[in-house]
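Using the sequences and the accompanying hints, generate a full structural model.
Number of protein chains: 4
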Amino acid sequence: MQLAMIGLGRMGGNIVRRLMRHGHDCVVYDRSPAAVEALAGEGATGVAGLEALVAALSPPRAVWVMLPAGDATEEAVMRLAALMQPGDTIIDGGNSFYKDDIRRAAALRERGLHYVDVGTSGGVWGLDRGYCMMIGGDRDAVARLDPIFAALAPGIGDIPRTPGRAGRDPRVEQGYVHAGPSGAGHFVKMIHNGIEYGLMQAYAEGFEILHRKGSDELPEAERFDLDVADIAEVWRRGSVVSSWLLDLTASALAADPGLDGFSGYVQDSGEGRWTIDAAIEQAVPANVLSAALFARFRSRQDDTFAEKILSAMRKGFGGHQEPGKT
Amino acid sequence: MQLAMIGLGRMGGNIVRRLMRHGHDCVVYDRSPAAVEALAGEGATGVAGLEALVAALSPPRAVWVMLPAGDATEEAVMRLAALMQPGDTIIDGGNSFYKDDIRRAAALRERGLHYVDVGTSGGVWGLDRGYCMMIGGDRDAVARLDPIFAALAPGIGDIPRTPGRAGRDPRVEQGYVHAGPSGAGHFVKMIHNGIEYGLMQAYAEGFEILHRKGSDELPEAERFDLDVADIAEVWRRGSVVSSWLLDLTASALAADPGLDGFSGYVQDSGEGRWTIDAAIEQAVPANVLSAALFARFRSRQDDTFAEKILSAMRKGFGGHQEPGKT
Amino acid sequence: MQLAMIGLGRMGGNIVRRLMRHGHDCVVYDRSPAAVEALAGEGATGVAGLEALVAALSPPRAVWVMLPAGDATEEAVMRLAALMQPGDTIIDGGNSFYKDDIRRAAALRERGLHYVDVGTSGGVWGLDRGYCMMIGGDRDAVARLDPIFAALAPGIGDIPRTPGRAGRDPRVEQGYVHAGPSGAGHFVKMIHNGIEYGLMQAYAEGFEILHRKGSDELPEAERFDLDVADIAEVWRRGSVVSSWLLDLTASALAADPGLDGFSGYVQDSGEGRWTIDAAIEQAVPANVLSAALFARFRSRQDDTFAEKILSAMRKGFGGHQEPGKT
Amino acid sequence: MQLAMIGLGRMGGNIVRRLMRHGHDCVVYDRSPAAVEALAGEGATGVAGLEALVAALSPPRAVWVMLPAGDATEEAVMRLAALMQPGDTIIDGGNSFYKDDIRRAAALRERGLHYVDVGTSGGVWGLDRGYCMMIGGDRDAVARLDPIFAALAPGIGDIPRTPGRAGRDPRVEQGYVHAGPSGAGHFVKMIHNGIEYGLMQAYAEGFEILHRKGSDELPEAERFDLDVADIAEVWRRGSVVSSWLLDLTASALAADPGLDGFSGYVQDSGEGRWTIDAAIEQAVPANVLSAALFARFRSRQDDTFAEKILSAMRKGFGGHQEPGKT
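Protein chains in written order, with our numbering: chain A, 4 to 329; chain B, 4 to 329; chain C, 4 to 329; chain D, 4 to 329.
Hints were generated in silico from the structure; no laboratory data involved.
Built from N, CA and C at the ideal position, the CB exists for glycine as well.
Accuracy of the hints is not assured; some may be wrong.
Label-pair ranges, simulated between beta-carbon atoms [what the hints assert, rightly or not]:
no.	chain 1	residue 1	chain 2	residue 2	range
1	A	Gly158	B	Pro166	21 to 31 Å
2	C	Pro63	B	Gly321	27 to 37 Å
3	D	Gly26	B	Gly321	38 to 48 Å
4	B	Gly321	C	Ala85	24 to 34 Å
5	B	Gly170	A	Asp161	25 to 35 Å
To give an idea of the chain C side of the interface with chain B (calculated C-beta under 8 Å), a few residues [what the hints assert, rightly or not]:
no.	residue
6	Gly126
7	Val127
8	Glu211
9	Leu248
10	Thr252
11	Gly267
12	Phe308
13	Ala309
14	Ile312
15	Ala315
16	Phe320
Here it is as structure tokens:
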């Protein structure tokens, strides 16, 4: 079927490529003409603006917006809404905050437009492996887009089937789920990313303990000089902690066992933060997910005012003078 | 080759079975005669005591102890050490504390005996999938036991190869690693389990937020009635959080979406605790791994003295009277 | 000077009483006529509604709103704003979210009204000890209300002076601070409460360890039967952990050493939650403050879905069947 | 009465001074002759070694050891034990691990010697304010030393009495407690320090949020330029978070509002670590106390292997390249 894509970055561009591989017809726009040209060269219909993009589609239209969450997405959705017609659908495939989805869906509904939010996981691997998608929106709008989702999803592949799923929604085993009304897709994706932070931090802490077991700060008799690259690799094979994140870790460690190519500075995105906000709204204890987020905050500073407060107190009660950082 | 097994519980029994499937010759002992008899019926040589077990083996002997960590293992190892001869090897395949391994290995070395500690992951699935093994001990003793480890390990199977491993120890891709001297095997297994706790808690917190998103404590407009079984399933397919633990979660939720068969009481074992002790010894921040452990501690109590202290303070400064638990 | 109070609960009523003790002239309103009558009997001017309240004041008027944060405060402030005249001031002494203050102050400024937000600490003890106040608003409006704040504040009393404060704002040593523009008062009070949660939880965890050191789950040789009431008392005297919260704890434990009068259910208020939101907005690691909040969330549940997820995984990989909760 | 002191550092020296102020007779030894000479000049009897020290005392002797926990204390106690006679008492006033106390007390008991462990809080302020003491040991040995403890303790002073303590041990209100048998004193002191870490971290996190509320990383409309020195001061007066640690913080901030004299590097001592070990042994959730400890661990590193693992994973799944640390 026909789909327009706005935003041809790493994610948007590859989604278009995967759709075209499955025979879909894509109209593409990006504020960078070079990005449009590149995909046009691969078979897409390039356009120079939103008006042209809407004009190039036959109703009922479907436009996928793949832009950074926040102002860029908001502006594109609202401009599109003004150009499109009742029965058309706007898909937000980015990482929007789910309450923005709820608000936008209500605004679009008044004009007879559909709004579908799609949380998309798979990163740079999605083009070949397929994308895992978590979808929110009206049942009919989601159903009409099914060929798109089916093409983007990984499909059942050779992943073992979970017993006991007979009679359940078959789309789920293909790798996409209609999670609920507008906002539900991004809500589920948000929690997905919150969990991702927690999983990553669990591995990170464990590998740091392994890495430092050889440190000369320990008594020599209790020191082990462990090969963390081999340990990551062996855990991929039959252990309880095997996972795709571990596969990536094993690859990184095989290439650079000391990870000297990294500074230790770790960014975070909105979804990790919103997950904690959601936990607080729902009064759910989220000690692990929040600790994972805070570790990233801390990683980006050389020292903190909090730590200076500690030293100031220690000097105050005990006369302790801290040494400088080593 | 020939191996004796002491302890024929879920783990020990299946290890013997897997070894026999690969053509190895097993002598077995358990304090339960029925357990011995069962494996004897499957082809093992059953014996009635440690003396008989040692007598049934040709030197250099290899005896695998698969008993609960602590007193049971300690007693078996020490009794065996008194019965065995220079050049023989005792393997502790249980979940011993690694400092006990270091101590025992030193004691056995004085008698000319080898001590090999093997951390074994794979649980009830190991019989068919194979066991991931983390091994500590002298190079020669570990090398001599290689046919045993090769039989127990999962093998390379259809798990994609990690790039960049050319020239590295080939045993690792088979699913076992010689991590270092005595104690190193159980140290790595200990951290493995510490990570496991963290991974599990990350999923658990995320699923609780999803589960409670439909709660009527939230404003109706922000409530979603999410199908957590479907969400667990879809994440298995192309998402960043896919893992074996997620596979198990998806199975459990497909069978019982509300998990009504569980009370919420969660046990912990020594390894999760020792991981935090190790982090503290090494001055490694382990916020996620410790939070995962503490969540289990809390799960086993109805209420805590700590919480009563909080209520007492709140009454003291604000006159707040807490309601009862709902 | 003249001040009107709306909301005569525990806080509002006592603030009026303390003001009258210092010779100020109070007009009071509450939706409960009995509350109005009670304070009228103590010398205040009772009125039956907001119109009457505004009419009873001479310009420039000052009205203190002491209602639950959220809808009740919002409605009272907005209704008052419609009744009052340029140059008048509305004081929000409750626990409002500071972004609401910023918004309201802007709305009132358009009508020539002043808005002053006052975070008030002191609880049931404030009537006699005085209230610690954190104030946000325009310099002039705050200055005009100085007699009110001076009367409510504890004053310098016999608390030792901090060295090095010569030349600094003298109001601070009296127990009130003009923290900044509208919203700053409640922001500082919010963080105050966030810290309060952390302090309380630190004591709570410590006392639980002391309390359970006598438990028969420990080896008898390492068990101590500690008197936590005496320990709380002794720490009040010369130790590094002495504090007002510890004083309250010592009182509660002297009266009821097992705290049997408490269920373990602990409530939380908006400020503890908003503190974490603020930390996240500012990318500040807040592991202790968030853990303190989450402990309260956990205290209010018998068991959690998260814990059931853990048990389900444990059964999945190890065949572990959890026992029921004791 | 007569008491000998071994170790004349900041703590030991001031304890001797306070005892002499109260008319007690002190024999002193330190491996630094200058330290001995200094106190001899203030009225103590200086000696040149342990033999001379024991010889200078009349039985039943009492010797207070005030040395770093670990080897130094162990050696001094064991050498003293060999020199002393049945009925004599050794006091360990340092920060020993309580299980070492239990072991030492048992060893000394076999020789007819008493062992008393005293956890001492008060830091550099103790000379004038008095020391809060937590004492473990036999009832008789502790009773015989009562004049020493009474002299060192702060006494009841002007700290308000806790209601409901009639009939309770009167020593507690003087500032010392006989907590239980050998080891109990240091156990209680250990938890005291664990709580201290938690309290300090709660303030530290709160002040960091306040400090960074003026940062230009926030939208200008939500920024406040807060004076943290004034805020610390105002909270000392009537607020729920007032404490001695806050007094110290207010002093430090009055002298150096940006705390520019501190590097952010924060040390920790054994007691904070042992508190977590104890919590784990007793299965007590200690999220706040452990987070406080881990914050210190993190403060001492520029970056961590854990953080590099996170970046490596992020690059693996999303192609994210982290920027360098700012």
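| Looking back at the numbered hints, which does the structure fail to meet, lowest number first? | none
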